[in-house]
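S.K.: Protein chains in written order, with the numbering used here: chain B, 13 to 319; chain E, 13 to 319.
No lab work stands behind these hints: they were computed from the structure.
Careful, some of the hints might be misleading.
Because identical chains cannot be distinguished in the list, a pair is counted as satisfied if it fits within a single copy or across any two copies.
Stated by the list, open to error - Quick list of in silico lysine to aspartate or glutamate cross-link-like pairs, EDC-like style, CA-CA up to 20 Å:
| hint | residue 1 | residue 2 |
| --- | --- | --- |
| 1 | K238 | E207 |
| 2 | K173 | D227 |
| 3 | K280 | E39 |
| 4 | K49 | D96 |
| 5 | K238 | D170 |
| 6 | K167 | E207 |
| 7 | K192 | E304 |
| 8 | K293 | E253 |
| 9 | K208 | D170 |
| 10 | K283 | D260 |
Every value quoted in this text rests on a predicted model; they were computed, and no experiment measured them.
Protein chains: 2
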Amino acid sequence: MNQIEVFCPGSVANVSCGFDVLGFCLEPVGDVMKVTKTETPGVSIGTILGQDLPTDPLKNVASVAVTALLEAHPSKYGFRIDIDKRIKPGSGIGSSAASAAGAVFAVNELLGKPYSRNELIQFAMAGEALASGAAHADNLAPVLLGGFTLVRSNKSLDVIKLPSPPELVATIIHPKIELKTIHSRAILKNTIPLEKAVQQWGNLGAFVSALYTNDYELLSRSMKDKVIEPYRAMLIPRFEEVKKAAIDAGALGSGISGSGPSIYALSKSIKIANQVGDAMKNQFDDLDLEYEVHISKINNEGIKILH
Amino acid sequence: MNQIEVFCPGSVANVSCGFDVLGFCLEPVGDVMKVTKTETPGVSIGTILGQDLPTDPLKNVASVAVTALLEAHPSKYGFRIDIDKRIKPGSGIGSSAASAAGAVFAVNELLGKPYSRNELIQFAMAGEALASGAAHADNLAPVLLGGFTLVRSNKSLDVIKLPSPPELVATIIHPKIELKTIHSRAILKNTIPLEKAVQQWGNLGAFVSALYTNDYELLSRSMKDKVIEPYRAMLIPRFEEVKKAAIDAGALGSGISGSGPSIYALSKSIKIANQVGDAMKNQFDDLDLEYEVHISKINNEGIKILH
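Build the full structure now, drawing on both the sequences and the hints.
M.R.: Structure (structure tokens):
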């Protein structure tokens, strides 16, 4: 095999009570990446469609991630990466993770699969580190493993795939302002009240339980975030109104996707998810603000091979 | 039915990563309580064997809890409570929870079961408030529901029963110093580093997942507490040595039981749990300190009716 084309899905990280640990994978939103084996060693970026991103292999998250992989598993071949970049960087649905994960996944296939999907996360993290200044796995894990994932530890890279209740559908609204992860990080406090931390881990424990038992009511009750959301909400226009509109329209819960500005909601059917999308849009209609809405089932597979 | 005798088990709360939310129920350790319906309304304490506890109904956790139940569900009868108190107060294995939960459970039976086990928690919390100065459900939930339990919220009292992996066995060592919950609370900081909070909820999410999947390795990796244990450890003689000895002897993990001074460990068989108990004891052998060791399967049923 000398060439492979893969679909690299978007993802939602920092799912309400699961700041830095809980994420899920999207279905219809994602990049398409083509990786071609070359006779000359090294990694190069070919064409990038859709977005203005660096083609210098030292500055592109995809090539940086592949370089980390090739350091651990040297090859006499080289790899050229062509990207149809459909997820806008800074949107909050894992743009850099899609590129980094997609690239290492594709190269791993071309190398004859020396690594499992879980093992590939460590290499993709090099790309995430370039993009956001910190190596974190909370978007990479859902992109590579699919479904809901929990990063138990970023340090020892202990990642668990959680079950996805079959009826869940996500609504994402992306108001088109750009928010860099690095800035959304800076606004957070270094310490948090113990009382709020206890509420947060009580909610996360309940959320994980609800995923195993398909308990949508419990899922809904546990989609709370009193620790991070109050700070980041102020970076997102009309966050509180959009969230309230989503819940009033029937969503189980709603919160900031990743570090924003996208806002996600989870609902129990496609019909409700569509109504939720309409209700969220309405909050922006009198503003001179572009936005995009995605309706997505939970993608339980993650990255897919197209050709 | 005019009289009932119940077994009120001990419990382990604050299970490592689950401070204030995660607990489990013990099997062989517990009080025996006899409640008798009387013609005169009101609640009274009859005899208390084993411990020196108040018989004034306003000062005993059992009668205070029953009074809360009777306020919600008035009865023309009264109730006399006789207690064979085998769990020492201040031991860290839910002595007050056993009394409060046992009393409301028994009276509820004599009243014809107007409340479910889950609903009884709210009344038993009045007893816990008397004992520790704060109404909390993290020992009451496992005593009433059995197995592992998660208190998602103390405020709205949202309690979930989690599954118990069948092979788990607890070892508890109780060094006989008395530690009041109120003092172990006072030593804690009001704020904690965000980074440690994230680790804690990553571990709790993983612990809950491991309970559903019987993943003992994951359970072991997630039994960590960098938030509470470092402070409370200094109130317990040789805590670090006992914990290390337990893990070296094969325990999946070990930590402070409740607010101490008891130390618990979880292991994958009775054989290992016994070896763990011996290893823990050895750490106290050159000290002039009395201790007790309990080996217990997870009690999946909770409070039991004896007669």
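S.K.: Between K173 and D227, at a C-alpha cutoff of 20 Å, which is it: within one copy, between copies, both, or neither?
M.R.: both (18 Å within a copy, 13 Å between copies)
S.K.: First find the shortest C-alpha distance between K208 and D170 inside one copy, then the shortest across copies, and answer within, between, both or neither for a cut-off of 20 Å.
M.R.: Answer is between: at 16 Å across copies they meet the 20 Å cutoff, but 25 Å inside does not.
S.K.: My question is about K49 and D96: at a cut-off of 20 Å on alpha-carbon distance, are they close within one copy, between copies, both, or neither?
M.R.: within (18 Å within a copy, 77 Å between copies)
S.K.: Give the relationship of K293 and E253 under a CA distance limit of 20 Å: within one copy only, between copies only, both, or neither.
M.R.: within (11 Å within a copy, 58 Å between copies)
S.K.: My question is about K238 and D170: at a cut-off of 20 Å on alpha-carbon distance, are they close within one copy, between copies, both, or neither?
M.R.: between (25 Å within a copy, 17 Å between copies)
S.K.: For the identical chains here, do K192 and E304 meet the 20 Å Cα criterion within one copy, between copies, both, or neither?
M.R.: Within. Shortest intra-copy distance 18 Å satisfies the 20 Å Cα cut-off; inter-copy 56 Å does not.
S.K.: Treating 20 Å as the Cα threshold, decide for K238 and E207: within, between, both or neither.
M.R.: both (10 Å within a copy, 16 Å between copies)
S.K.: When no copy is named, should K167 and E207 be tagged within, between, both, or neither for a Cα gap of at most 20 Å?
M.R.: between (25 Å within a copy, 12 Å between copies)
S.K.: Pop the pair K280 and E39 into one bin, within, between, both or neither, using alpha-carbon distances up to 20 Å.
M.R.: Classified as within; 16 Å inside a copy, 40 Å across copies.
S.K.: What label fits K283 with D260 when the C-alpha limit is 20 Å: within, between, both, or neither?
M.R.: Within. Shortest intra-copy distance 14 Å satisfies the 20 Å Cα cut-off; inter-copy 54 Å does not.
Checked against the numbered hints given earlier, the structure satisfies every one of them.
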